[in-house]
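In our numbering, the protein residues as written are 1 to 428.
It should be emphasised that the hints constitute simulated quantities derived from the structure, not laboratory data. Ideal Cβ positions, reconstructed from N, Cα and C, are used throughout, including at glycine. Be aware that a few hints might be false.
[Unchecked claim] Across the chosen pairs, the derived CB separations fall in these ranges: (1) ILE220 x ALA84: 40 to 48 Å; (2) ALA59 x GLY127: 16 to 24 Å; (3) ARG209 x LYS82: 20 to 28 Å; (4) ALA336 x ALA84: 21 to 29 Å; (5) GLU316 x ASP181: 22 to 30 Å; (6) ALA377 x HIS77: 31 to 39 Å; (7) LYS82 x GLU175: 43 to 51 Å; (8) ALA261 x GLN225: 42 to 50 Å; (9) GLN414 x ALA336: 44 to 52 Å; (10) ASP410 x THR304: 44 to 52 Å; (11) GLU124 x ALA59: 18 to 26 Å; (12) LYS262 x THR304: 42 to 50 Å; (13) GLY127 x ARG209: 24 to 32 Å; (14) ARG381 x GLU224: 36 to 44 Å.
[Unchecked claim] Under the rule of at most 27 Å between Cα atoms (straight-line distance), these lysine-lysine pairs were calculated in the BS3-like manner: (15) LYS406 x LYS418; (16) LYS82 x LYS358; (17) LYS82 x LYS406; (18) LYS320 x LYS160; (19) LYS337 x LYS389; (20) LYS285 x LYS82; (21) LYS389 x LYS344; (22) LYS358 x LYS389; (23) LYS189 x LYS418; (24) LYS285 x LYS320; (25) LYS189 x LYS219; (26) LYS262 x LYS389; (27) LYS337 x LYS358; (28) LYS82 x LYS337; (29) LYS344 x LYS320.
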Amino acid sequence: MQNHNQGRLHAAIKFALAVIIVGTALVIAAHRLGWMTVGGPSQHDSQSALTPDEANLQAQFQDILASYRKTIVLLAHADSMKPAELEAANQTGQGLFHANLSRIDSATHALETLFGSGNPRRFEIFGALLDYVESGEGLFDADRLAFRELLQSMQAIVAKDGSLTAIRLHKRIGEDLEALDEIERLYEKEIGQIFGRFEQRSITLKRERWGDYVAHLEKIFPREQILRENGVIVPYSAPKPGTVEDVIARKPELSGYELPAKTVALTFDDGPHPIYTEEIEAILKQYGLPATFFTVGRNLGTVTADGHAQLSPRSEISRKLLQDGFVLGNHSYTHAKLSSESGKELRAEIINTDLLLKAMDANRSPLFRFPYGAGNAEAARILQEVQLKSVMWNIDSLDWADPLPKSIADRVLQQVSKEGHGIILFHD
Numbered sequence: 001m002q003n004h005n006q007g008r009l010h011a012a013i014k015f016a017l018a019v020i021i022v023g024t025a026l027v028i029a030a031h032r033l034g035w036m037t038v039g040g041p042s043q044h045d046s047q048s049a050l051t052p053d054e055a056n057l058q059a060q061f062q063d064i065l066a067s068y069r070k071t072i073v074l075l076a077h078a079d080s081m082k083p084a085e086l087e088a089a090n091q092t093g094q095g096l097f098h099a100n101l102s103r104i105d106s107a108t109h110a111l112e113t114l115f116g117s118g119n120p121r122r123f124e125i126f127g128a129l130l131d132y133v134e135s136g137e138g139l140f141d142a143d144r145l146a147f148r149e150l151l152q153s154m155q156a157i158v159a160k161d162g163s164l165t166a167i168r169l170h171k172r173i174g175e176d177l178e179a180l181d182e183i184e185r186l187y188e189k190e191i192g193q194i195f196g197r198f199e200q201r202s203i204t205l206k207r208e209r210w211g212d213y214v215a216h217l218e219k220i221f222p223r224e225q226i227l228r229e230n231g232v233i234v235p236y237s238a239p240k241p242g243t244v245e246d247v248i249a250r251k252p253e254l255s256g257y258e259l260p261a262k263t264v265a266l267t268f269d270d271g272p273h274p275i276y277t278e279e280i281e282a283i284l285k286q287y288g289l290p291a292t293f294f295t296v297g298r299n300l301g302t303v304t305a306d307g308h309a310q311l312s313p314r315s316e317i318s319r320k321l322l323q324d325g326f327v328l329g330n331h332s333y334t335h336a337k338l339s340s341e342s343g344k345e346l347r348a349e350i351i352n353t354d355l356l357l358k359a360m361d362a363n364r365s366p367l368f369r370f371p372y373g374a375g376n377a378e379a380a381r382i383l384q385e386v387q388l389k390s391v392m393w394n395i396d397s398l399d400w401a402d403p404l405p406k407s408i409a410d411r412v413l414q415q416v417s418k419e420g421h422g423i424i425l426f427h428d
């Protein structure tokens with residue numbers, strides 16, 4: 001019976017991870033629009049100038065691609081790193097990842113605005129973006145995995161238009177998404193030392209080895225350079241007597257190490273996500289598993305100067321989680337590094353999300369998770385004041401740094417087997 005339950009748990013984790021694909025680092029650039037890419041500008045430069053909106057998209061997408069690549073470089077050789085090096089790479093990578101979430105939201109909004117404006121060039125622009133994804137010079141197959149979520153958004157945007165041109169574009173995006181699935185499976189087979197043959201679609205699969213891709217990125221972004229650019233973020237660790245972190249330790253805080261043997265808790269940070277949160281919930285419900293979703297306040301809505309919470313449409317995803325028996329926790333308002341905040345800004349990060357959660361449920365959960373696992377003495381006092389309890393993980397899926405679901409699943413299952421209990425950190 002115990003083996004059966006463990007099998008169900010392992011299966012549930014693997015299925016859940018299949019939808020938690022780090023598509024959170026997504027980038028698009030238009031070769032035909034003359035965007036600065038790895039392959040250089042296109043001939044479109046001489047035909048027409050970019051509008052301000054298009055130029056803004058260009059800059060966002062370039063930053064997103066660079067951060068995606070840097071994140072992979074940081075954790076590429078984690079097994080050979082010393083503990084201090086791994087912690088520094090982990091913290092820096094999480095910073096890059098969470099900054100990219102804002103860029104992705106901004107880029108998606110810009111695409112929605114462009115298409116909704118009725119701009120006569122909207123189909124041309126979307127088509128040029130797909131040209132780059134499918135055949136942009138200098139892109140590795142692994143780079144294209146970064147496009148998944150944005151392609152899904154483009155497909156949803158185009159689906160609102162019933163014209164023949166839109167229908168054709170929708171079909172093309174669907175074929176590209178299928179090709180991305182095959183790219184993902186290619187790398188998953190590499191992990192198992194198996195290579196297969198794949199039918200060719202719009203995106204031509206070049207069967208590049210993952211190691212070759214990482215080596216290419218390391219030439220562009222050396223790990224040491226990435227760490228210098230972002231500074232060394234002090235990792236969360238066991239508090240030492242006499243430090244401000246000791247104050248946090250004295251406040252009741254739940255750690256994964258405190259759970260009973262053979263007990264694990266599934267937690268998902270940074271939501272609600274417009275696509276993946278509901279998919280994760282469906283899988284959890286299928287296996288009858290509980291989970292806690294630590295939400296970022298700005299994904300739920302806004303708070304006025306007089307403290308009035310205004311919920312956004314996306315909050316309905318979290319409201320459904322509550323109705324279905326899942327737990328919502330507070331994960332700050334903007335996912336700022338609270339150990340570096342103080343005063344009104346620090347208080348707003350905690351209180352604003354608390355107000356939004358109370359707007360959905362007056363008896364909101366008292367659970368709170370520090371972004372990056374990093375707090376300070378002042379934050380600890382605020383948590384105590386508003387009766388919130390800090391929750392810390394001890395099993396990190398590193399899903400934000402790994403675009404391959406099988407790799408994420410194997411990592412988590414190995415850690416669960418080694419630790420024997422704990423709180424698992426995922427991101428929806």
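Now for the hints, and whether the structure bears them out:
no.	hint	result
1	ILE220 x ALA84: 40 to 48 Å	25 Å, violated
2	ALA59 x GLY127: 16 to 24 Å	21 Å, holds
3	ARG209 x LYS82: 20 to 28 Å	26 Å, holds
4	ALA336 x ALA84: 21 to 29 Å	24 Å, holds
5	GLU316 x ASP181: 22 to 30 Å	29 Å, holds
6	ALA377 x HIS77: 31 to 39 Å	36 Å, holds
7	LYS82 x GLU175: 43 to 51 Å	45 Å, holds
8	ALA261 x GLN225: 42 to 50 Å	43 Å, holds
9	GLN414 x ALA336: 44 to 52 Å	32 Å, violated
10	ASP410 x THR304: 44 to 52 Å	46 Å, holds
11	GLU124 x ALA59: 18 to 26 Å	20 Å, holds
12	LYS262 x THR304: 42 to 50 Å	47 Å, holds
13	GLY127 x ARG209: 24 to 32 Å	31 Å, holds
14	ARG381 x GLU224: 36 to 44 Å	37 Å, holds
15	LYS406 x LYS418	18 Å, holds
16	LYS82 x LYS358	43 Å, violated
17	LYS82 x LYS406	25 Å, holds
18	LYS320 x LYS160	25 Å, holds
19	LYS337 x LYS389	18 Å, holds
20	LYS285 x LYS82	39 Å, violated
21	LYS389 x LYS344	20 Å, holds
22	LYS358 x LYS389	16 Å, holds
23	LYS189 x LYS418	25 Å, holds
24	LYS285 x LYS320	12 Å, holds
25	LYS189 x LYS219	25 Å, holds
26	LYS262 x LYS389	23 Å, holds
27	LYS337 x LYS358	23 Å, holds
28	LYS82 x LYS337	24 Å, holds
29	LYS344 x LYS320	31 Å, violated
When held up to the earlier numbered hints, the structure conflicts with 1, 9, 16, 20, 29 and fits the remainder.
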